[in-house]
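Student: Chains as they are written, first to last, in the numbering used here: chain A, 1 to 153; chain B, 1 to 502.
Calculated from the structure, these hints are not laboratory results. Given the structure is predicted, the values throughout are model-derived calculations rather than measurements. Take every hint as true, because none was put in to throw you off.
Okay, derived cross-link-like pairs now, BS3-like style, lysine-lysine, Cα gap no bigger than 30 Å in a straight line:
#	chain 1	residue 1	chain 2	residue 2
1	B	Lys430	A	Lys118
2	B	Lys428	A	Lys118
3	B	Lys428	A	Lys70
4	A	Lys118	A	Lys79
5	B	Lys430	A	Lys70
6	B	Lys428	A	Lys79
7	B	Lys430	A	Lys79
8	B	Lys283	B	Lys430
9	B	Lys291	B	Lys248
Here are the simulated distance ranges between beta carbons:
#	chain 1	residue 1	chain 2	residue 2	range
10	A	Met42	B	Ile184	17 to 25 Å
11	B	Phe195	A	Leu65	24 to 32 Å
12	B	Pro468	A	Pro36	29 to 37 Å
13	A	Lys70	B	Ser225	22 to 30 Å
14	B	Ala471	A	Gln147	49 to 57 Å
15	A	Leu134	B	Pro56	26 to 34 Å
Every residue gets a Cβ at the ideal spot worked out from N, C-alpha and C, and that includes glycine.
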Amino acid sequence: MGEMSMTARGSRPDLLASGIFIGLGGLVLWSTSDLPVGSAAMMGPGFMPLMIGSLIIVLGLVVGLVGMFKQVEAIDRVKLRPLLILLAAVGGFALAAELAGFVIAAAGLIIFGSMADKEWRVREVLISSTVLTLFGLLVFIYGLDVQMPVGPF
Amino acid sequence: MDMFDALYLGFSEAMSPTNLAFCLIGALLGTLIGVLPGIGPTATVAILLPITYFLPPLAALIMLAGIFYGAQYGGSTTAILVNLPGEASAVVTALDGHAMAKQGRAGAALATAALASFFAGTVATVALAVAGPLLSKFALSFGPAEYVALTVFGLLAATILASGSVIKAVGMVCIGLLLGMVGIDVSSGSTRLTFGSTDLYDGIDFVVIAVGLFGIAEIAVNLESGEAKTSLAGKITRLWPTREDFRKAWPATLRGTALGTFLGVLPGGGATLSAFSAYSLEKKMSKTPEKFGTGLVEGVAAPEAANNAGAQSSFIPLLTLGIPSNSIMAMMLGAMMIHGITPGPSVITNQPALFWGLIASMWIGNVMLLVINLPLIGLWVRLLRVPYRLLFPAILLFCCVGVYSVNNRGFDVALVIIFGLLGYLFRKAKCEPGPLLLGFVLGPLLETNLRRALLISQGDPAVLIERPISAVLFAASAILLVMMVLPAFRKKREEAFQDEEV
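If we strip away everything but chain A, and leave its shape as in the complex, we get:
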């Protein structure tokens, strides 16, 4: 997605949007293909998914076709590191929340999540994770009574 030759055409963001639309539409049509569609008067559960799923595929095709002939436009620069670390940190919290309790989940989320910014510093992260975990424990678990175990036991 980086460089493009002078003769290249097409809006890359549009092509990406087209891909997302067609992909999601296809996924919907495939996963609802066994549901009864029914008729307009007696709509089955598959009626709306079929309609909207098809519509979004058509929209995806139009966006893609029009985008192909637009002036060349690159996608904004992509850095996967922050995104992947953030998502992994969230995933870790999801697992740890029920298994290991709030303290471990929150501290893990903040320590690991902080690394999404390249400028993270060990001392700062240790301090902020302690402060935020304590704050969260007091406000969310004891204050707002969120139903989450505090520790693993």
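Could you slot chain B onto chain A? The hints should help.
Tutor: Same frame as chain A, now just chain B:
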């Protein structure tokens, strides 16, 4: 009920000590998060939404409204001081506001923004109190066909009045509609789009989508662009605007308020469209249009008045018709549903205390913002000096605990990963995520009413255009579609949003 009795009821509800306290907490929290660079009102409301679940319905709505205004105001503060508008609605404020800040007149700019917003908020609250009951009475006669037409019109108009590509916005609405279908279909009992997961039988929770698309994705984009690194402009010396400022700002505020109140009611309207339109109107009215962008006080007063008026009056279609006009209103609708309130024409008669209490609290929220924000500006400025690398982990924690607390399960937090990734892809594909949220909350309404209407007519789609109101709405939808194809109109629309590129 007489309007004054109604307002009295509203104020007595909203003025109860606990509700006042939640209004204050909401306004403070909203400003606190809203001031953070790169986090706009939509993301702020998404992040703080779960906190309100622990409250009784009215207190929750009052706090949410407080959060919303606080976020809006906090966003303007950031736009003026560091030229980093959190959301599109503050983009035009940044043009002249930041220029004023660079000349050392940041205090005057902030005070003008606060005063203009307060005035506009007061006017729009009165408009809501007057228009609400009238519109509700009218909407009570709506049947399924009218609701189908209204929903289609609302969704379509929202895509056209929003910035960005219309066809992509329609696609985003469709994705939202599809996400709304996940779970057990109420009329047949069969599961749809659950991919074999029993955890999805109840559908996807609104908060999961909002936090993923707006919260997580926004942090990811901020981190990779490094844009969130702040540089403060100048020192704040004099807070109060000069007499000359007042003289210039008054007419601009009046025009901005009028325009914003009107545009906020339209589907897709609300704060952003109002702010852009008010700014271009001021430019047209001015004798020195070329000076805009160099720190004119009109350039701050008009869009700030307009975006606050628009934000307020966009509650009108939500509270009277049950149709949210933008993504923040979609979130308010989601919050109301969680408390068992279905917004619509019957709210005002069935739950007058809630309706009028909310209206009264809007005005109180505006007063509070004025009272807490002007003295606290110094504190917000200090907050802006905290580096982003220390702030975003705290936001992350808010997001995760918030999502977890909705159903007390880790599964919802795991779902956020998918929506965070989707939100990131949408940003790279230049797709606005707002319309998706609208489609998501309106999808079930659309499907149920379409089924009912066609069941009554035995499958004849003509029923949708046989009743006068729905016929008019469908005609309006068709006109909107045709207008979008016309090159002249498209050019106008692009012009309206041109300042956004600056």
